[in-house]
Amino acid sequence: MTIRKKIFRTLIITNAIILTLTVAVGMFSTFNRTIKYESEKLNMLSRGFESFLGDEIDRISNSLAVVKDSNDIQFLFQDDTYLKSLSEASIKNSLKDVMLNYKEIESIEVASGSSNVLSQGNSVIFQAHQGKVYTQNNDSYLMMKIDVNTEVSLDVTISLDKLFKNFIEQNNFDVYSQLLFYEGNDLYYVNLQGNSAKMVGNDTGKLLLSKEGNVDGLSFYVAKPKSYIFGDISEYIFLTALFFVLVIFLTNLVSQYLATEISSSITKVAKVLSELPEEHFEKIDVEDGFEDEIKTFVETFNSVSDELNYNTKNMEKIISEKTQKIEQQNEQLKHMSITDELTGLSNRRSFDEQFSKDFSLAYREKLYFNFAIVDIDNFKLVNDKYGHQIGDKCLQLLAYAFKKTFNRSSDKIFRYGGEEFIIYSLSKEKEKFYDILELLRNSVEKASMEVNGVSVKVTISIGAVSLIPPFNEYERYIKLADDNLYKAKALGRNKVVIA
Amino acid sequence: MRINAIICTALLLLVCALGIGRDLFDVLGTKELRVGIRNISSEVVYFPNNENRPGFCFELAKEFADYLGVNVKIIEFDDLYDYFDDGTFDNVDIIADILTITDARKKVMNLVPFIENGEVLFGRIGESVSKLEDLKGKRVLALESFVFFNFLKTELDNAKVSYVVNRVYPTNNVLQYLNDNYTKPSKNVVEILLVPKDFAYYDYFDYVQVIRGNADVGIVDTFSFVQKYFNTLFLKQNIVPLMMLRKETGYLGFGFSKGSPLLAKEFERFLAYAKSSGVFNKLFKKYMTIDYSDYLKSLK
Numbered sequence: 453m454t455i456r457k458k459i460f461r462t463l464i465i466t467n468a469i470i471l472t473l474t475v476a477v478g479m480f481s482t483f484n485r486t487i488k489y490e491s492e493k494l495n496m497l498s499r500g501f502e503s504f505l506g507d508e509i510d511r512i513s514n515s516l517a518v519v520k521d522s523n524d525i526q527f528l529f530q531d532d533t534y535l536k537s538l539s540e541a542s543i544k545n546s547l548k549d550v551m552l553n554y555k556e557i558e559s560i561e562v563a564s565g566s567s568n569v570l571s572q573g574n575s576v577i578f579q580a581h582q583g584k585v586y587t588q589n590n591d592s593y594l595m596m597k598i599d600v601n602t603e604v605s606l607d608v609t610i611s612l613d614k615l616f617k618n619f620i621e622q623n624n625f626d627v628y629s630q631l632l633f634y635e636g637n638d639l640y641y642v643n644l645q646g647n648s649a650k651m652v653g654n655d656t657g658k659l660l661l662s663k664e665g666n667v668d669g670l671s672f673y674v675a676k677p678k679s680y681i682f683g684d685i686s687e688y689i690f691l692t693a694l695f696f697v698l699v700i701f702l703t704n705l706v707s708q709y710l711a712t713e714i715s716s717s718i719t720k721v722a723k724v725l726s727e728l729p730e731e732h733f734e735k736i737d738v739e740d741g742f743e744d745e746i747k748t749f750v751e752t753f754n755s756v757s758d759e760l761n762y763n764t765k766n767m768e769k770i771i772s773e774k775t776q777k778i779e780q781q782n783e784q785l786k787h788m789s790i791t792d793e794l795t796g797l798s799n800r801r802s803f804d805e806q807f808s809k810d811f812s813l814a815y816r817e818k819l820y821f822n823f824a825i826v827d828i829d830n831f832k833l834v835n836d837k838y839g840h841q842i843g844d845k846c847l848q849l850l851a852y853a854f855k856k857t858f859n860r861s862s863d864k865i866f867r868y869g870g871e872e873f874i875i876y877s878l879s880k881e882k883e884k885f886y887d888i889l890e891l892l893r894n895s896v897e898k899a900s901m902e903v904n905g906v907s908v909k910v911t912i913s914i915g916a917v918s919l920i921p922p923f924n925e926y927e928r929y930i931k932l933a934d935d936n937l938y939k940a941k942a943l944g945r946n947k948v949v950i951a
Numbered sequence: 018m019r020i021n022a023i024i025c026t027a028l029l030l031l032v033c034a035l036g037i038g039r040d041l042f043d044v045l046g047t048k049e050l051r052v053g054i055r056n057i058s059s060e061v062v063y064f065p066n067n068e069n070r071p072g073f074c075f076e077l078a079k080e081f082a083d084y085l086g087v088n089v090k091i092i093e094f095d096d097l098y099d100y101f102d103d104g105t106f107d108n109v110d111i112i113a114d115i116l117t118i119t120d121a122r123k124k125v126m127n128l129v130p131f132i133e134n135g136e137v138l139f140g141r142i143g144e145s146v147s148k149l150e151d152l153k154g155k156r157v158l159a160l161e162s163f164v165f166f167n168f169l170k171t172e173l174d175n176a177k178v179s180y181v182v183n184r185v186y187p188t189n190n191v192l193q194y195l196n197d198n199y200t201k202p203s204k205n206v207v208e209i210l211l212v213p214k215d216f217a218y219y220d221y222f223d224y225v226q227v228i229r230g231n232a233d234v235g236i237v238d239t240f241s242f243v244q245k246y247f248n249t250l251f252l253k254q255n256i257v258p259l260m261m262l263r264k265e266t267g268y269l270g271f272g273f274s275k276g277s278p279l280l281a282k283e284f285e286r287f288l289a290y291a292k293s294s295g296v297f298n299k300l301f302k303k304y305m306t307i308d309y310s311d312y313l314k315s316l317k
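As they're listed, the protein sequences go chains A and B.
Start counting the first sequence at 453; every next residue gets the next number (our numbering).
Start counting the second sequence at 18; every next residue gets the next number (our numbering).
Treat the hints with care, as some may be off.
Below are the PhoX-like pairs computed for lysine-lysine, each with C-alpha atoms no more than 25 Å apart in a straight line [said to hold, decoys possible]:
id, chain 1, residue 1, chain 2, residue 2
1, A, Lys-520, B, Lys-153
2, B, Lys-275, A, Lys-544
3, A, Lys-520, B, Lys-253
4, A, Lys-536, B, Lys-303
In short, the hints are calculated from the structure, not lab data.
Chain A extracted, bound-state conformation (with noise of 0.2 Å):
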């Protein structure tokens, strides 16, 4: 993927991601503002049409008090006849005065316990009471019950359709509202379509409900269907949704912009590294328009280019030093891996690699297979008498004395292990091999050690055999010598015994 497309990728996710959560924080904020302010204003139109409602029932009443405190009402229950008849019209055309300033009043009758007395408007519902609603055929009543006496009474039928209208269109408000109230249990709802009708299961999931509102005894709720609300809001979610998609446009215009506008530098530079020739490194131009970093890349780069064309030029030369110093270092290595330290002889690692080869060599080529193991006698003494510094040194000159005697380059001299050493050479003719091991041994007891002015005298015991090998296995041979060095040692030591 290309820097360009990894920064265009970077911006384009991020935008969106930042787009996204906005938008999402933003449609949430405005869900939740829009019901808060929703529910506020439906508090208000409750309380409102609480006070609408509470003054429309008092301006009726009061619009009613002419009639409750006028002495026709008490001639309705006289024998006069005339009286009667007068108080009777008179009373109906106050009512229907009453009736025509309030036209949400569908009746108003005069009642006596449970008798109609006189009745004016359309008789709706009968045997009111206070605050009591009461739904026929579609339609919402809200009874008033004014009392004049203890027996007689003005029964007044609102509509509650209407009353709701008529507040709601006098104040300009919001027409999908909706009265809701009770009716025993049971929800029944008013809207502006002049309808009333029961709710289904009592339902309100679907509606915005203020707080309850009571008017003498009428507990209601004025409500909103969410639809509504949610309708309301549609155009902003298609506007918000056309930003989104605009922005997102523009973010991917901007985002292209910033990735090319980046990475051209980068996009430059790696041009002309691309187009250089093979382990040839030139120098790359340090443009003006490069920002600070990659002015410090190429800077860098021409610093190494430099180095590297160097090393290119002198490859050669440089290898065949460093590979003579590894051979150097190899050999030092190999020749440290097969040699005793202490003595400066091949060690038994060296003698495992050899011997196998050479005695095969030896059994193949029919040639002689000179071969003995050297032992010093009770060097353990010597090490127990004089500590292992003196003991050590013992050593260094007893291997100063074997390469001495075996000299010659066919000859190998190992330390075998301890103070136990092997010598072995190959040759075509029958050697005097024990003339050469005798004379070892008679040197060595002939001579005295001289070790930071201590004198130390010490023998050998070599078990050895000489001849052209009749088989093949190399561990036979070494067990032939083996026990020569055994018989050696029985035989008192400072022996040769050689077959």
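Chain A is fixed; fit chain B onto it per the hints.
Just chain B now, with coordinates in the frame of chain A:
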């Protein structure tokens, strides 16, 4: 000395003839105020069936009883004239009614005014009478038992307006002329339809006759008119006040026995207190729907 004895005996006989009422201390002693009143279904006087407004005179008398700290005992009378019968004050301490105060009545009992009053002429809506001359050719209803009849005659005489008096009696919703040879008066005279004393007056009688068309004009006291007019729908929708009969302001009063000067005096004190404290105005407004002060202004 002899003359003094004769005078004392005469006064004693006079007082006995009028009926000697109980005075203040008797009322306080028995803790009972006996109130004579008419039960005529009138909110102005006494209307016990009306829970809200059982009667202005009744309530004023009850306030007076409360003021004295005694109970009220109602003694019902059938007719206004019954108050003036001998021995009335044997049974009552105070007559609580709208008694128009006249010199003649003052000779019979102590009348303590409680309200200013006048006489108002009224007619059906559309009727136009602004001066006594306008009554010519119209039938004016008057009751012989009420003083308004005398006032009317006096005012017509003073204004030199001719009138004739025809006695009538309410029968089957009409006013039956009692004159055998009744002739309809000319349009230049006022025809007074006089209802005799023996007629059992009932509340709203005058208004009903005018509304029915049995008479063109009626006369009532302003106190009753204001109360009824502002509280009765059918009056407001059928009747209109035309003019005041007299320029002078009269009074309506409660009656006390001549032998109860202390009680009458105490009633005057009570009235002064009630009017200054607002108790009277509150009671007045309850029945009249207007303030007492506005009522006084309307009389002028």
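Results of checking the hints against the structure:
no. : hint                  : result
1   : A:Lys-520 - B:Lys-153 : 39 Å, violated
2   : B:Lys-275 - A:Lys-544 : 50 Å, violated
3   : A:Lys-520 - B:Lys-253 : 15 Å, holds
4   : A:Lys-536 - B:Lys-303 : 24 Å, holds
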